[in-house]
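Following the hints, put chains B, C and D in place on chain A, whose structure we already have.
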Amino acid sequence: MNRSWYNRMWSNTKACLGIIIVISFIIIAAVGPIFFEDSNAYIDTPLLEPSYEHLFGTTGQGQDVFAQTIAGARSTLFIGFSTGFLVVLLGLIVGSLSGYFGKRIDNALSLIINIFLLMPGLPLMVIIAAWLPPGPFSIMGVLVFTGWAWNARVLRSQVLSLRERDYVNAAIITGESNTKVIIYQIWPQMLPLIMASFIGATVYAIGAQVGLEFLGLGDVDKVTWGNNLYWATNDLALLTGSWWTFVPTGLCIALVSFGLTLINYGIDEISNPRLLSERIVKSRLPDLFNRNGSTPVAKDLFGK
Amino acid sequence: MKLIFKHILYVIIGIFSFQQCTDSTTKETYNGLVVSQEQRASWIRNFNPLTPGGSARWPTSAGIYEPLMIYNSMKGEYVPWLAVKHEWNMRNDVLKLVIRQDVSWSDGAPFSGKDVLFTFNLLKKIPAFDVRALWTYLESIKLLNEYEVEFKFSSIYVPGLDAIVGQTIVPEHIWSIIEDPVKFTNPNPVGTGPYTEILKFQKQVWELGKNPNYWQSGKPKVEKLTFPAFPTNVQATYALINGEVDWAGNFIPAIDRIFVDKNPDKHHYWFPRAGGSIFLYPNTTKKHFDNKAFRKAISYSIDRELITKVAMYDYTVPADITALSEGMSRWRENKKRKDSWNIFNREEALSILDSLEYSFSNKNSLTDKDNNEIFFEIIVVSGWSDWIRAAQIISRNLRDVGINASVRTYDFGAWFSKLQTGDFDLAIAWAEKGNTPYNLYRGLMSQKLVKPTGEISVLNWHRYGNAVIDDLCQRYEKTSNQSVIKDIIFDMQDIFIENLPAIPLFAEPSWGEYNTSRFTNFPDEHNPYAQLSPNNVPESLLILVELEPVK
Amino acid sequence: MENKILEINKLNVDFLSEESSITAVKDFSMHINENEIFGLVGESGSGKSTVIKSILRILPAPGVITKGEIKFKNQDILELGESELSSLRWSHISVVKQKALNSLNPLLKIKNQIIDTIRAHEQINTKDAMERCNNLMDLVEIDRDYLNRYPHELSGGMRQRIVIAIALALKPELIIMDEPTTALDVVVEKEILLKILDLKSKLGFSILFITHDLNLILNFSDRVGVMLEGKLVEVDSAEIIKSGGKNTYTKKLINSIPDVSNYNQVKVDKNEPELIQVKDLVKNYSRHSSFFSSDKFPAVDGVSFNIYQNEILGLVGESGSGKSTISKILTKLIDFDSGEILFNGEDISCISKSSNLLNYRKKVQMIFQDPFASLNSIHTVYHHLSRPILIHRSYNKYSKKERDQIVEKEIISILEEVDLSPPEDFLYKFPHEMSGGERQRISLARALLVQPQLIIADEPTSMLDMSIRMEILDLLKGLQDKKEISILFITHDIASACYMSNRLIVLKNGKIVDSGATSELINSPNNDYSKLLIDSCESGWFIKDKSR
Amino acid sequence: MSTSVQYLLKRLGIYAIAGWAAVTLNFFIPRMMPGDPVSVMFASFRGKLKPEAIEALKNTFGFTDEPLLNKYISYLSHLLNGELGISTAYFPERVSSIILSGLGWTLLLVGISLVVSFIIGSLIGMIIAWRRDGKLDSILPPSFSFISSFPYFFTAMLLLYFLGFKLGWFPIRHAYNSDLIPGFNIEFITSCLHHVFLPASTLIFMGIGGWMLQMRNNMIGTIATDYISFAKSKGLSQKRIMIWYAAKNAILPIVTSFGMAIGFILNGTILTEIIFSYPGQGYILFQAVQAQDFQLMQGIFLTITLSVLAANWIIDILVLILDPRTRK
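Taken in order, these protein sequences are the chains called A, B, C and D.
Numbers 1 to 304, taken from the working numbering, label the letters of the first sequence in order.
Numbers 1001 to 1551, taken from the working numbering, label the letters of the second sequence in order.
Numbers 2001 to 2548, taken from the working numbering, label the letters of the third sequence in order.
Numbers 3001 to 3328, taken from the working numbering, label the letters of the fourth sequence in order.
Just so you know, the hints here were simulated from the structure itself, not pulled from any lab data.
Every residue gets a Cβ at the ideal spot worked out from N, C-alpha and C, and that includes glycine.
Just so you know, not all the hints are guaranteed correct.
[Unchecked claim] Listed next, the in silico EDC-like pairs over lysine to aspartate or glutamate satisfying Cα-Cα at most 16 Å (straight line): (1) A/103 <-> C/2335; (2) C/2328 <-> A/164; (3) D/3135 <-> A/278; (4) A/299 <-> C/2076; (5) A/299 <-> C/2069; (6) C/2362 <-> A/38; (7) A/282 <-> D/3137; (8) C/2332 <-> A/278; (9) B/1200 <-> D/3179; (10) A/14 <-> D/3133; (11) A/282 <-> D/3133; (12) C/2363 <-> A/176; (13) A/282 <-> C/2019; (14) B/1124 <-> D/3055; (15) A/14 <-> D/3093; (16) B/1183 <-> D/3093; (17) A/299 <-> C/2079.
[To be verified] Simulated DEER-style distance windows between Cβ atoms: (18) C/2198 <-> D/3135: 48 to 54 Å; (19) B/1330 <-> D/3193: 19 to 25 Å; (20) D/3123 <-> C/2337: 28 to 34 Å; (21) C/2194 <-> D/3226: 23 to 29 Å; (22) D/3123 <-> C/2334: 44 to 50 Å; (23) D/3193 <-> B/1551: 38 to 44 Å; (24) D/3012 <-> C/2432: 46 to 52 Å; (25) C/2194 <-> D/3135: 41 to 47 Å.
Bound conformation, chain A alone (with noise of 0.2 Å):
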């Protein structure tokens, strides 16, 4: 039945395009940094135009913005995946728990969802964020501890829908634990849903890090995208007209923001029967398709 989705995963342009941009970014951040010893170098003198010699020109302190953006990658998007798979990790647990017992259980944790959920992240974010000491790991505590309510409210719905499916009282009927019964039985029913929150939960930690690097509540001595904007902002970049300072790193980060949506979108596209056999039809039959209109006639289809 998977090999199925992995070749339909492959089949839908979106998917496979977010795919690929996902993965080539990943590429860069894992192998670019070798080739740039340090970054942070001053190489040249500052607020250079891009040249053959320096991809993307030099930063307002003469380093070479191409092996800065390289090298932000790598920690920009280490964070990013990790504080994405912490969030929906957070998010899981809790949904699982509140969505499967039920009752009081239920109750406390809706209640503590809510509270995160009605609380205003960034206000929170610059607080913690200038409380706790500048680096990624407390970038990443701020970003989880702001960000698991949304997911564990998704993923609550689902179980509670799951918990009421008869192979659920079946597994606990024959004696199973409820660990067991929730990771054996219903786990494994929700990977699409858990695939495309962790997605969501990477983009929304990539955005919200890069936000508050920029605020300069990062480790602004770290090489980071958001360092990078930080450091291009605070040289006046565009007021001195040198864009090149700013636009590939902002670039970098909406694509990969872009590769993600897109992944999602093949999930969700896939997963849904509806459109799956509408597509069917308008593949096959273009001219006589009608989305919304009456079942097609096509009296010699087959010729039969």
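This is chains B, C and D only, laid out in the frame that chain A set:
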């Protein structure tokens, strides 16, 4: 009075305009001299010059109200203002001030010594107002006659003169009836200064008009001052570049390219270096830093040229060996010295380290006698990007001599408490300011100021104490004879250079920009009658009375 | 010769897939005469509803009509354009669906949904439209002020009447009824059917009727068509079909209707030790008729009964009578509000700690109604059957390899017991690779592997096709004898309950209305509700005067 | 209506607890920050403020070192009677007056951008769901999600740069033309709208994608339901089915998630206010955090949280009105 917090606000967001700045229709046209000194999202109506925390609007304490005398850092002398003359008695423990006559408050009431008496007694009554802690060495104050005031000292403390003459004077007939002056926002101020009339006050802009009864006839020549609210340094910079601001005190990176080239004959700036230096503080209580030779090796290995060029955009120069900037060059004793640790000399640094039996491990990183590697952390305020860049350059320089130094940024509160409690290896910070180097050297080396690590110490964060310096300070505080003062300073200077308690990096400039399309007679390098920057209060009052509209 | 309202000949419908396509309906031809009730019967998946949807061409993707013609008053629907088609729909042919609640837009008042339909076909001002609505409401005997209510505020029966009223709004010549009364309980079902007949006689429309309830269709319709795998195997008058018709499949279908007569005569003597004693059990649910209003209503209201060892007890009741709540309570999936339940004399409400809960689980097992939902589509048969063995028996003294062999041997023996041969190639099958009957056998095997003392069978056969229903019932009965387990057989179909159980209990709205040995209860039911239940699966229960 | 009132009270209870949690969190976190406002202030004087004066300053700002707990209790009691304390950065201004100056503008910005992005997003979502898999459906969702995947401040700066400076169509700072006197006259209102246009359009740009997607997915789900095929079989016109049957049902879950969206929009608003120097809460909060002005920080955080809670409560009422199923 409040030096803007350039570094914090400067961090916020860069703004941009294209090379040829089109005369965009969004240019706000203000009438009156536009000053960009404070950076606030919206204006709060508060003109109380004595407010602790200095949240009164600029130029309350040196524009609406006036101090007794103004110290001109460019000329290095006191300019008599509300007080005409000052005299010490023989034992330097009684000070007499002669108060200027025919001065009146902006509501017409006469100004006299009674107001001065009232102001100083108000400071005594409300300690929160006594920000310069005068009453720690003052005993009493009395009127000899209507225009002569006598200050009696409890202990001889000649440097107290700076604090006394720098005190802003408030009208007795208004303030005596205010029951809680601390929380008094003084919405409609009555002062002796050149500008006292509040013409317009809104959230986004306020205007300050001329004082009808100003004591200097014919001054000020500019009708009124206008203050639009620029919340971020970026917005202020844009307005300046767009020609909407006449006088500003912003830090602007690559200022020639962004500001001057826009309108070369009208856009000017002048960054005089009249203050002290920015220092790299080694924590002398820690291993390695307790040895002055090691400190000198570190100083030799630092490339100050690169720091000023890259981190400070060439706005300043590497620090002098005396740690005094040009503005204080008259206090530099130029004589042949054996130490030249302020010059970048990596070989000298390595030879010193050799002589101290440090050796190099295989990974060419330095190891001490019992050969474990040396790790330091340079702490600096997150958001103060010019200092952060300086720290990054220093960490790279130290790595070249085998010392592994990493840069750690902290939010201001966290950084400052680590600094004060001595919980750091290396730190970049400012030094104590004053009219003479006495404050600087005392702050760096006075034994009395050394506090054990863990306890908050307001000065001497690097915990270096030298007993000789303390008796020099004692003698300095006792004398008002200028030549004796000079010798004491020179002795302190020698001890500083010999022991290098803290490593000076570069001179601290003061930021000042102006636009001569509508107003002129700003001070600059050819006519340095005062420091240009509006941030330098009360000296900015000297400029306020000199500016004039272009004919 | 009556003139034909609708004539379908050689209709072929295919469902497309990426490359190929599956033929769902093959050369389907039939006609419906004026003022006639035509019944279409066949097992699920035989293509009944595909035909219905093709008539009005509302068959969703990937369905495509590939051949044939559908003539309505000598107008071929397949040739019509979109606009003619939508003007034909409802004014001439309308549809009544099974789950009436879903057919009504939850956010529009009943009044607007009726006026919508009329306005789609006629220009009419609001006053006349309201007039038409009131007449329709009187026609289906529903109070007029329900017009201003929303669908969720009406009961099941009322909603069904509203849908019928909407169907009659434009006085169509043909009404298609797709399982109109399946979801309703037998009493309401009877009223609705009588109302339909009465309206038919008044307004003279013809009906195309579909249901899987063989008994009902044979009595209700004039002519009956039998479908098998997309083909119409036989069309004839109801009487001929009822007597078995000509086609072999029709014969097999007819005699697969369980009738109450061959009931389980075996009586159980009372002095066998009781396995379970239930004393005035009460369980309240807070019915969320609207989003949050929580008015409590008793699902189980003071029920007391015993289950003896080695006995099959039948628990009969309509949907909503509380029978599945009882099953959930006995398997400790939910707890109960008051009353007492003793299992081998021990009160089960104090069993909660995981250890003795596991012991209790060993003794009580359950098989479920929907074969598709009772097995997790992710796991293989081996996984489903190995779990109960590994949980309840300790093999720690064996090595892993030995343990797997023992488990596999055990699974193969149980598969043989539930007649799944050859057992080996069932081991690694996924649920979606097996038929409904096979899946039900697997879940039965899962229950037996635990060697329980009591199996609760909650509607085990109601979702299965007629033909294999009897096989499963016989399998269950055989295993019960062989393993001396007692079975609590829960169902709404009294016929299969009589066939299986030694004793019967009849449940209505959470209360026991009748109980006793099967033979006594069948012959002399002492409560008119149970009498109606018994009659409803008699062949002649639905006396109607066809001539009218 | 009694049970729906019961429901609203229950929701109010949740919001009260959420509000209390936010207040408590927001009280303790800044207190745990190393350093304190007075030392921040001292640093800004660089030598003009003698160390001895620090003690005096500390108790004027009320930084006595009584234990944290009774400070918390006194803080709560002040809060209950609407006393938000005095800001240290803007001493001696009362926190409540500073907030009031900024709150109006933030609510204006949030209100406009939320409503406009919701309406446009839902409309487009409905259309592309109805013509799913058509040209629109393959162009719009990807392009909108590409726009909204840019980092938030990035788009804001580009908009500011192109529309603000280069073309000069829109002002790039403040909330209204500074020589106007605030008042309910046409001129002031047009100036406000002219000033709010750029910040609001960045928020709208980012928001539309989300609403559109949600509406599209809901619509596709609703189109597959029984009452739509029943409506189709009734021969209703396509437009009627699309709007009255499909869209009406699809819009409902989105309105319930409207409350959550306010939280996200607020994040964006703070960044927008910083970039466009719009005099709302955002920038004042950021300055307060930098100056460690506890009172002001708590005050602003509280008003933001309370306004989010209030908005959510209003939406709960809206849902009650829209969905008959929730009413008794």
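Right, here's what the structure says about each hint:
1. A/103 <-> C/2335: holds (12 Å)
2. C/2328 <-> A/164: Holds, at about 12 Å.
3. D/3135 <-> A/278: Holds - the C-alpha atoms of residue 278 of chain A and residue 3135 of chain D are around 15 Å apart, at most 16 Å.
4. A/299 <-> C/2076: Measuring from Cα to Cα gives roughly 13 Å; hence the hint holds.
5. A/299 <-> C/2069: Roughly 10 Å separates the two Cα atoms, so the pair holds.
6. C/2362 <-> A/38: The given pair, whose Cα atoms are some 66 Å apart, is violated under the 16 Å limit.
7. A/282 <-> D/3137: holds (14 Å)
8. C/2332 <-> A/278: Not OK: residue 2332 of chain C and residue 278 of chain A at ~44 Å, beyond 16 Å, violated.
9. B/1200 <-> D/3179: holds (10 Å)
10. A/14 <-> D/3133: Distance of about 12 Å is within 16 Å: holds.
11. A/282 <-> D/3133: With a Cα-Cα distance of about 9 Å, the restraint between residue 282 of chain A and residue 3133 of chain D holds, given a limit of 16 Å.
12. C/2363 <-> A/176: Given that 16 Å is the threshold and the Cα spacing comes to 15 Å, the pair holds.
13. A/282 <-> C/2019: Distance of about 13 Å is within 16 Å: holds.
14. B/1124 <-> D/3055: Holds, at roughly 15 Å.
15. A/14 <-> D/3093: Not satisfied, since the Cα-Cα distance of roughly 55 Å exceeds 16 Å.
16. B/1183 <-> D/3093: holds (8 Å)
17. A/299 <-> C/2079: holds (10 Å)
18. C/2198 <-> D/3135: 48 to 54 Å: holds (53 Å)
19. B/1330 <-> D/3193: 19 to 25 Å: At roughly 59 Å between Cβ atoms, residue 3193 of chain D and residue 1330 of chain B fall outside 19 to 25 Å, so the hint is violated.
20. D/3123 <-> C/2337: 28 to 34 Å: violated (50 Å)
21. C/2194 <-> D/3226: 23 to 29 Å: holds (26 Å)
22. D/3123 <-> C/2334: 44 to 50 Å: Taking Cβ atoms as reference, residue 3123 of chain D and residue 2334 of chain C lie about 45 Å apart, which means the hint holds.
23. D/3193 <-> B/1551: 38 to 44 Å: holds (41 Å)
24. D/3012 <-> C/2432: 46 to 52 Å: Because 48 Å falls inside the window, the suggested range holds.
25. C/2194 <-> D/3135: 41 to 47 Å: Violated - the Cβ-Cβ distance for residue 2194 of chain C and residue 3135 of chain D, about 54 Å, lies outside 41 to 47 Å.
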